[in-house]
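Chemist: So the chains spell out like this:
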Amino acid sequence: MKKRFLGFALPWIVGIAGLVLPIQIGTRAHAQGRGQATAAAPAYRAPRTADGKPDLNGIWQAVNEANWDIQPHAAGFGRVGALGAADATPPGLGIVDGGEIPYLPAALAKKRENFEKRLSLDPEIKCYLPGVPRAMYQGRPYQIIQSTNVIMMVFEFAGAVRTINMDKPNEAPADSWMGWSNGRWEGETLVVDSTGFNDQSWFDRAGNFHSDALHVVERFTATSADHLNYEVTIEDKNVFSRPWKLSMPLYRRKERNAQVMEFKCVEFAEELLYGHLRKQPTK
Amino acid sequence: MSRRILVSTSTVAIAVVVVVAMILPAAAQAPASNAKAPAAKKWTMPRTPDGQPDLQGYWTNSSYVPMERANGVTKEFYTPEEAAAAAQRAREKDEEQATPGTTADVHYDHTQFGLDRSQSDLIQDLRTSLIYDPTTGRLPPITAEAQKRQAERSASRAMLGGTNDAVQNMSFSSRCYFMGGAVPLLSATNYNTNYRIVQNARYVMILTEMIHDVRIIPLDGRPHLPKGVQQWFGDSRGRWEGDTLVVETTNFSEKNPFRGLASASMRLTERFTRVSDEMIKYTFTVEDETTWAQPWAAAVPLKQTPGPLFEHACHEGNYSVGNILAGARLDEQRAAEEAAGKGRK
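Quick mapping for you: the protein sequence lines, in order, are chains A and B. Note that the first sequence covers residues 8 to 290 in this note's numbering. Note that the second sequence covers residues 26 to 370 in this note's numbering.
Treat the hints as calculated values from the structure; they're not laboratory data. Please note that the accuracy of each hint is not assured.
[What the hints assert, rightly or not] When the alpha-carbon atoms are kept at most 25 Å apart in a straight line, the in silico SDA-like pairs for lysine to any residue are as follows: (1) Lys175/A - Asp75/B; (2) Lys286/A - Lys367/B; (3) Lys306/B - Val157/A; (4) Lys261/A - Gln68/A; (5) Lys280/B - Glu93/B; (6) Lys124/A - His283/A; (7) Lys261/A - Pro248/B; (8) Lys306/B - Pro78/B; (9) Lys286/A - Gly368/B; (10) Lys280/B - Met268/A; (11) Lys286/A - Gly187/B; (12) Lys60/A - Gly76/B; (13) Lys124/A - Asn343/B; (14) Lys328/B - Thr155/A; (15) Lys133/A - Ser218/A; (16) Lys100/B - Ala318/B; (17) Lys60/A - Leu80/B; (18) Lys133/A - Gly88/A; (19) Lys252/A - Ile66/A.
[Said to hold, decoys possible] Per the computed footprint, the stretches of chain B lying under chain A, defined by three or more beta-carbons under 8 Å from a beta-carbon of chain A, are: (20) 192-200; (21) 216-226; (22) 255-261; (23) 335-341; (24) 349-363.
The structure displayed is predicted, hence computed values, not measured ones. Where a beta carbon is used, it is the ideal one built from N, C-alpha and C, also for glycine.
Produce the complete structure using the sequences and hints provided.
Modeler: Right, here's the structure in full:
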């Protein structure tokens, strides 16, 4: 219902975007969480694609410690003792606006349990698709490939793919790891509305999680030739008492001829997953 | 929703085959001939806002045309009647996999679950083989060096033990690495042989539905990855030659030899030309002097098909590998117990 309304309202939104944008930017800058480096103002106008849209093409990457824990955290022990300092949790200011995640009581207990059992439960360790928004700040590169009716996001980790439908919004035909995304332009900002998630992915290595009621709204706004301001609103009535927000800058990978290389990670997780079923040498 | 899901009962399957058999003579035409319906409006190449030929959309390469020409067939194209008969024979062969009481039947009933090709968006093609060069329609003979390499590969595989001894001994498709069909676009499966092409001025992206395998092809003339860097799907670079997208791929992994034969120095050249709203002419050429004395080439038409592509999270739901290994260990345990029991008697 809501999506259909948005589809109907889109021409209006685009039409008045020029008017509304400065106000939105002001509001967002005000709502920025602690430690967030980039406010969206002053307004930057991105170069345009052949069809006149802001050009967000490129290889992007978050540079923060959120994949370890999206909340503010001090340095801590890692998950694998044998790896010593190399696996120790790096300290980070977090990406959650206000720092707190509004878990329902039972969900908070589950988050703590996830943390205790993270070495056996974290889907990242098993090379499972990272889900959204985790894929966006996993600390690995991904490429935005922008066309007229669709925007692809292709991730290094597990070769994950997001397809952002820029046509008339439509509904997920089935639940999936990477969700079902409808996008629209609001002036300089790409707004992506995603549902249709399964309940399998996590937000980070600290066990922050969601259910299949997850609803993610992302806003991508170029703030310079090499930076995007990335803001996310998370809703999940089964897990959180109210919507909450993430925000961070995304950085362009500037290396000459940068490319998203292959990281087909099943190979690296198989011994972990199936090694106990290996035939034992006969005595 | 997607046509391929709706077509799921064997009754419908039979109806589809009848329809296909009826349509085939009328719809099929030799790719070389221009015998299209008269008075049709001249077709114009669809273009992107950048002016490139527009290859975007959902495509399938599902077909009954075999990679190599069947023994006894000497011509390059069938008549429509012969093509229909060949497709019927291939379809019957697909169904054989589901003969009750066979191992294949336990594994998958392709017909019942809509997984056989006759229930997909099948391409009508009069070719007797996908390979058109050499003109025999068959792979060229492999070199002595390739034969030696083959023997060495077989020997090292044998050293690893049985297929079900460890996950590392199982096939790449069982382990959800890839199902074939991404590089080149040559489906190894009977179902979900679907692709999505998205392009802009600087890149072409090809998403293969199976395993969500994705290729990003830069068009800016950049060099390939350094020589020693090997990837399962190699490293692709594209360019436009007139209205044809030409993609050259190198840096293949020796862990994944193409056709089980090639070396890591294989070069693949693919050509995509949109020839109508419904079809892309797609050909590829394989060059690997250490394996085949001459280059060889195949034509695999791509036909427009309804979307969307589904997320094929294969590894995430891969219960079969664990269950097969666990079953094999259980068998061994039982055999050992039986042997011990006999020993006591």
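Chemist: Hints first: check each against the structure and report whether it holds.
Modeler: Okay, the hints, checked on the actual structure:
1. Restraint check for Lys175/A and Asp75/B: the C-alpha separation of about 23 Å stays at or below 25 Å, so the hint holds.
2. In summary, the hint linking Lys286/A to Lys367/B is supported, as the alpha carbons are separated by about 23 Å, within the 25 Å threshold.
3. This hinted pair checks out: Lys306/B and Val157/A have alpha carbons roughly 23 Å apart, not beyond 25 Å.
4. Only pairs whose Cα atoms come within 25 Å are accepted, and Lys261/A paired with Gln68/A is accepted, the gap being roughly 11 Å.
5. Proximity of Lys280/B to Glu93/B is assessed by CA-CA distance (about 24 Å); at most 25 Å being required, the pair is judged to hold.
6. With a C-alpha separation of about 19 Å, the suggested pair Lys124/A and His283/A falls inside the 25 Å cut-off, and the hint holds.
7. Of the supplied pair hints, the one linking Lys261/A and Pro248/B holds, its CA atoms being roughly 17 Å apart against a limit of 25 Å.
8. Taken as a hint, the Lys306/B and Pro78/B pair is honoured in the structure, with Cα atoms around 13 Å apart against an allowance of 25 Å.
9. Only pairs whose Cα atoms come within 25 Å are accepted, and Lys286/A paired with Gly368/B is accepted, the gap being roughly 23 Å.
10. Our distance criterion of 25 Å between C-alpha atoms is met by Lys280/B and Met268/A, whose separation comes to about 17 Å.
11. The straight-line distance between the Cα atoms of Lys286/A and Gly187/B is roughly 9 Å, inside the 25 Å bound, and the hint therefore holds.
12. As the CA atoms of Lys60/A and Gly76/B are separated by approximately 16 Å, the hinted pair is consistent with the 25 Å bound.
13. Taking the CA atoms of Lys124/A and Asn343/B, the gap is near 22 Å; set against the 25 Å cutoff, the hint holds.
14. Distance hint between Lys328/B and Thr155/A is fulfilled; the C-alpha atoms sit about 21 Å from each other, no more than 25 Å.
15. Restraint check for Lys133/A and Ser218/A: satisfied, since their Cα atoms lie roughly 19 Å apart, inside the 25 Å limit.
16. With a C-alpha separation of about 23 Å, the suggested pairing of Lys100/B with Ala318/B holds against the 25 Å cut-off.
17. A distance of roughly 20 Å separates the Cα atoms of Lys60/A and Leu80/B; the hinted pair therefore holds under the 25 Å criterion.
18. A distance of roughly 19 Å separates the Cα atoms of Lys133/A and Gly88/A; the hinted pair therefore holds under the 25 Å criterion.
19. Only pairs whose Cα atoms come within 25 Å are accepted, and Lys252/A paired with Ile66/A is accepted, the gap being roughly 24 Å.
20. Chain A is given as covering the segment 192-200 of chain B, and this holds because 3 residues of the stretch bring a CB closer than 8 Å to a CB of that chain, at least three being needed.
21. Coverage of the segment 216-226 of chain B by chain A holds. Counting CB-CB distances below 8 Å, 5 residues qualify, and the rule asks for three or more.
22. Counting residues of the segment 255-261 of chain B whose C-beta lies closer than 8 Å to any C-beta of chain A gives 3; at least three are required, and the coverage claim holds.
23. Using a Cβ-Cβ cut-off of 8 Å, 5 residues of the segment 335-341 of chain B lie near chain A, which meets the minimum of three, so the contact claim holds.
24. For the segment 349-363 of chain B, the proposed coverage by chain A is satisfied: 5 residues have a C-beta within less than 8 Å of a C-beta in that chain, meeting the threshold of three.
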